[in-house]
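Protein chains: 2
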Amino acid sequence: MATKVFIVDDHYMVIEGIRSLLQNEKTIEWTGHATNADSCLSFLQHQLPDIILMDISMPDKSGIDLCKEVKEKYPSVFVIGLSTFNQQSFIQKMMDNGASGYVLKNATQEELMEAIELVAKGKTYLSDEVSKVLRKQDDSNIVLTRREKEVLELIAGGMTNNEIGEKLFISPSTVDTHRKNLLAKFEAKNTASLIHIASQMQII
Amino acid sequence: MATKVFIVDDHYMVIEGIRSLLQNEKTIEWTGHATNADSCLSFLQHQLPDIILMDISMPDKSGIDLCKEVKEKYPSVFVIGLSTFNQQSFIQKMMDNGASGYVLKNATQEELMEAIELVAKGKTYLSDEVSKVLRKQDDSNIVLTRREKEVLELIAGGMTNNEIGEKLFISPSTVDTHRKNLLAKFEAKNTASLIHIASQMQII
DNA sequence: CATCTTATCCCTTAAAAACAGGATATTCAG
DNA sequence: CTGAATATCCTGTTTTTAAGGGATAAGATG
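In order, the protein sequences belong to chains P and W.
Each step along the first sequence adds one to the number in numbering that gives the first Met the number 0, with nothing skipped, and position 159 is 158.
Each step along the second sequence adds one to the number in numbering that gives the first Met the number 0, with nothing skipped, and position 47 is 46.
A couple of the hints might just be wrong.
It does not matter which identical chain is used: a pair holds within one copy or between any two.
Below, simulated BS3-like cross-link-like pairs (lysine-lysine); rule was C-alpha separation at most 30 Å, straight line [claimed, not checked]:
#: 1; residue 1: K184; residue 2: K148
#: 2; residue 1: K60; residue 2: K70
#: 3; residue 1: K179; residue 2: K70
#: 4; residue 1: K70; residue 2: K120
Hints were generated in silico from the structure; no laboratory data involved.
Turn these sequences into a full structure, and let the hints steer you where they fit.
As structure tokens, this is what we get:
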């Protein structure tokens, strides 16, 4: 029995590329594609593939959210994340939301096939490249509380402690404490490096 | 006579996608592909295509630099930028470096063919989507002097005016002046928003 | 040559952030 | 229940920025 594969990616060229890579594989059955999250969900109401190859960056909804939604509604469908970004935060979130694998868009046909075959059996696939990133940056993983993230974003917006305090209905002293904790968590020397590091990590 | 097309993109799937989109076009001759800037330059030493479809983000060298190099050495070759990012700064730099067009990776086959045909005639192609972005953000284009950029990067690195002054062998007062000018140019309220805006614009 | 840009330097005052240290209340998991 | 994490608030001092102002000198450009 062939493995039914469905693709969600907002880049037409990538869809064509994958279709081209898989078209001669007898073990793969191409069931269709979608260029956004909504049409993907519509498709799933009528037909369930075995595997969805899912881009993490899409216009209407991130693949990270879509993955969660799909796995909640259709737990039997396996999801493989698809992205150009070999970034710890994305991969981690995708796997947390139930993905069974993560493939970079510069993957070869062999890697893609390996991923599909392994995931179809219910196993997990992460390429060497991806799993290395996951391990390497794992310890430098910074977890912010809701309040800290809120404060961080307002700092990035150029607000002072006083202004942030007013906005969040808390004392400027409290804002200052959050600020201190942010500096400590990011190991940043001052606001400038804090915002820079957070930006690089795509937290803001 | 068919238009000779060459592709540079570090994503195998995108190369396959474009190949698949173009394979049935009689007016297109596929001359090959490269997954990095170096092998692209090697190829050009032996054979010159009419058009190069060039990804702007590659591991060894950015498409922006590669475009410049190619146009300097082989002015007769037309370059079409290829990217997922519909961002003013990238498009502008690519066009400044001699590109004849810019196509997003979510382009349809029709758009891609339209771009290739137009550019092959020596004209310029920008999709509606792309040219809109170019016009819209054109006035918010910020030009920094060498010194300002240097100071900006050191600020982002967490250094104080005194430290930057020591590093650059200038007075802290001078650093402060550059800082003031940076805040004015970016219309930023303080360091935090300065670094945030510059990060978003991918200047740092 | 006149003008503009860039880079350099200085002063002052007020505001903001960094650093240190401590304190209380709540929530949540073991 | 107990401790850890989170969120809240405080008092200080020192350092750094922000803002306002003004000034000089070199180099490019029309």
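Status of each hint after checking the structure:
1. K184 to K148: both (12 Å within a copy, 27 Å between copies)
2. K60 to K70: The answer is within: 15 Å in one copy meets 30 Å, while 39 Å across copies does not.
3. K179 to K70: Close neither inside one copy (38 Å) nor across copies (50 Å); limit 30 Å.
4. K70 to K120: Only inside one copy: K70 and K120 sit 17 Å apart there, 49 Å across copies, limit 30 Å.
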